Amino acid sequence: MNRQPSSHPLQNLLRKLQLHYHMGAEDQQAVLDLPYKSRLLEAQSYLVREGDVPDRCAVIVSGYAFRHKLTGEGARQILAIHIPGEAVDFQNMFLNEADHNVQMLSRGEVAEIPRHALEELALSRSEVGRAILLTTLVEASIFREWTLNIGRRDARTRIAHLLCEFAYRLSAQGMAPIQDYELPMTQEQLADATGLTAVHVNRVLKSLAADGLIERDRRVIRFPDWKRMRDVGDFNTRYMHTLPAADTNLHLG
Amino acid sequence: MPLLNQTSLLAPLVRRWSRTTALTEDDLEAIEAMPFAERAAPRESYLVREGEPTASCILLLDGFAYRQKLVSHGARQIISIHIPGEFIDLQNAILDVADHNVQCLTRVHLGVISKSALLDLMAVRPNVRRAIWLDTLVDSSIFREWVVNVGRRDARARIAHLFCELIVRLRRSDGQDQQVWDFPMTQEQIADATGLTAVHTNRTLQAMRRDGLISLANGKLSVLDWDKLAEVGDFNERYLHHTV
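Keeping their order, the protein sequence lines are chains A and Y. Mapping of the first sequence onto my numbering: position 46 corresponds to residue 46, and the numbering continues sequentially without gaps. Mapping of the second sequence onto my numbering: position 163 corresponds to residue 163, and the numbering continues sequentially without gaps.
No lab work stands behind these hints, which were simulated from the structure alone. Among the hints, a few may not be true.
Think about it this way: if two alpha-carbon atoms lie no more than 20 Å apart in a straight line, the pair counts; the simulated SDA-like pairs of lysine to any residue are [said to hold, decoys possible]: (1) Lys115(Y) - Ser126(A); (2) Lys115(Y) - Glu127(A); (3) Lys227(A) - His73(Y); (4) Lys220(Y) - Asp174(Y); (5) Lys228(Y) - Thr71(A); (6) Lys37(A) - Tyr21(A); (7) Lys115(Y) - Lys206(A); (8) Lys228(Y) - Arg171(Y); (9) Lys227(A) - Ala198(A); (10) Lys115(Y) - Pro224(A); (11) Lys228(Y) - Val138(A); (12) Lys115(Y) - His241(A); (13) Lys115(Y) - Tyr21(A); (14) Lys227(A) - Val71(Y); (15) Lys228(Y) - Glu73(A); (16) Lys228(Y) - Gly74(A); (17) Lys115(Y) - Thr71(A).
A few chain Y residues that don't get close to chain A, going by computed Cβ distances all over 12 Å [as the list claims (entries may be wrong)]: (18) Pro42; (19) Thr136; (20) Asp154.
Keep in mind that this is a model prediction, so the values were computed, not measured. Every residue, glycine too, gets a C-beta built ideally from N, C-alpha and C.
Isolated chain A (complex conformation) (with noise of 0.2 Å):
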């Protein structure tokens, strides 16, 4: 809940985009132009529902968000983890119904945008089209990784490649350095994000403390040594598709 009175609420939106696809002036401002409603949103609310036809498409102004899906039996899995600037519901762009949930992983506000107006500018204007297409294929790229994650990692390298790709994210949007941020989740909600079980992950925890390569002070993450780190958790960052001149700004310490 830390945005600048001043700043517009689509700035972050403009940021990430720009994260894997440059924009003309003209293209930027017509982002910034789109038609927004704020919401303040406390924890857990939800913000889409499996089988909603959504009409809106929420971007994270502050807080965090997360989305899952529930199996038969009620398990859940986490399917991605979103910052601010992130907008959740370009997945679900140009389809009828949401296939997964998306809830709030903390308070924040979002700003919604109407679906019909995204994707009207989505199609007319190319260069705003293919910067949102790019950063819904990033997302993509995301998910496949969390796929190889789970399905190929063992238990610490899991956990340790999610917390290297938080960091990434959330430096690559100018939020924190890479080496020291706050981590929205729970231990439960890390298992689910890893397919693990909650006892799983609060070893692993302690083991990677012990080792040195994390410190944790509360829900504060710190990694004393980033390359190691990167090494443990087999984390690359190719998937995430930076540009060169957005991965060079960087905070790599």
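Here the structure of chain A is known, so what remains is to put chain Y in place on it, guided by the hints.
Chain Y in isolation, oriented as in the chain A frame:
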């Protein structure tokens, strides 16, 4: 390279796109004018390699392909399976560098279009852009479902889910129901698609046969009890977005 006889070869693609997007005469003309080169590739050959800059986009005309990624110590995870009529490489081609590998599951017949021709077409034909965009979003939904599958289902459900998905997609694609389906995956590949070991996969498949759910031999899959298989696989086809 010989150009395709596009009217017939692109028919499945056009049929699929027409279900979700209203294409005009001009759109159809532009699609038919796409400069494709025809190519065949043997089983297991690589169509795209992770880390390579992308130059072209592949339309699968015949045969099956799959996406996979490797962890640094070499273990493989299959990310999705692709069937004829699918533009399989949109996920890489629109981005600059491939972030995963695409390999042939069977011998395949391909149409290859240059990345610039594809992007040009998308830039000038908004309906085509929408159709391609929609394809990538449905891919994305399938990726999400696979995260759930490997993360929160047991071995039997994971494999049953994989069978159900492929059958529903094939049925939708050629519009007919069959008793026996092509299922050209080895047990090792099924294991890599479900995050299991080959031994666990073998044991699970044997149990599924014993329980009268399926029969699987020589690349042919028969479902003996669809309702039960769908229940075991926790399969709900909403994520395939066939009703879009």
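Right, here's what the structure says about each hint:
Proximity of Lys115(Y) to Ser126(A) is assessed by CA-CA distance (about 16 Å); at most 20 Å being required, the pair is judged to hold. Taking the CA atoms of Lys115(Y) and Glu127(A), the gap is about 16 Å. The hint holds against a cut of 20 Å. For the proposed pair Lys227(A) and His73(Y), the alpha carbon gap of about 18 Å is at most 20 Å, so the pair holds. Restraint check: the Cα-Cα separation between Lys220(Y) and Asp174(Y) comes to about 17 Å, which is no more than 20 Å; the hinted pair holds.
A C-alpha spacing of about 16 Å is found between Lys228(Y) and Thr71(A), which places the hinted pair at or below 20 Å, so the restraint holds. For a cut-off of 20 Å, the pair hint linking Lys37(A) to Tyr21(A) is broken: about 26 Å separates their Cα positions. Restraint check for Lys115(Y) and Lys206(A): the C-alpha separation of about 47 Å exceeds 20 Å, so the hint is violated. A hinted pair counts as satisfied when its Cα atoms are at most 20 Å apart, and Lys228(Y) with Arg171(Y) qualifies at roughly 18 Å.
Only pairs whose Cα atoms come within 20 Å are accepted, and Lys227(A) paired with Ala198(A) is rejected, the gap being roughly 27 Å. Using a Cα cut-off of 20 Å, the hinted pair Lys115(Y) and Pro224(A) is violated, with the two alpha carbons roughly 42 Å apart. About 36 Å separates the Cα atoms of Lys228(Y) and Val138(A), which puts this hinted pair outside 20 Å; it is violated. Of the supplied pair hints, the one linking Lys115(Y) and His241(A) holds, its CA atoms being roughly 17 Å apart against a limit of 20 Å.
For the suggested pair Lys115(Y) and Tyr21(A), the alpha carbons sit about 16 Å apart, so the restraint of at most 20 Å is met. This hinted pair checks out: Lys227(A) and Val71(Y) have alpha carbons roughly 17 Å apart, not beyond 20 Å. For the hint linking Lys228(Y) to Glu73(A), the alpha-carbon distance of about 16 Å falls within 20 Å, and the restraint holds. Between Lys228(Y) and Gly74(A) the alpha-carbon distance is near 19 Å, which keeps this suggested pair within the 20 Å criterion.
This hinted pair does not check out: Lys115(Y) and Thr71(A) have alpha carbons roughly 38 Å apart, beyond 20 Å. Every CB of chain A is more than 12 Å from the CB of Pro42(Y) (nearest about 25 Å), matching its label as outside the interface. A beta-carbon of chain A is positioned within 12 Å of the beta-carbon of Thr136(Y); the least distance is around 6 Å. With a cut of 12 Å on Cβ distances, Asp154(Y) falls inside the contact zone with chain A, its closest approach being about 9 Å.
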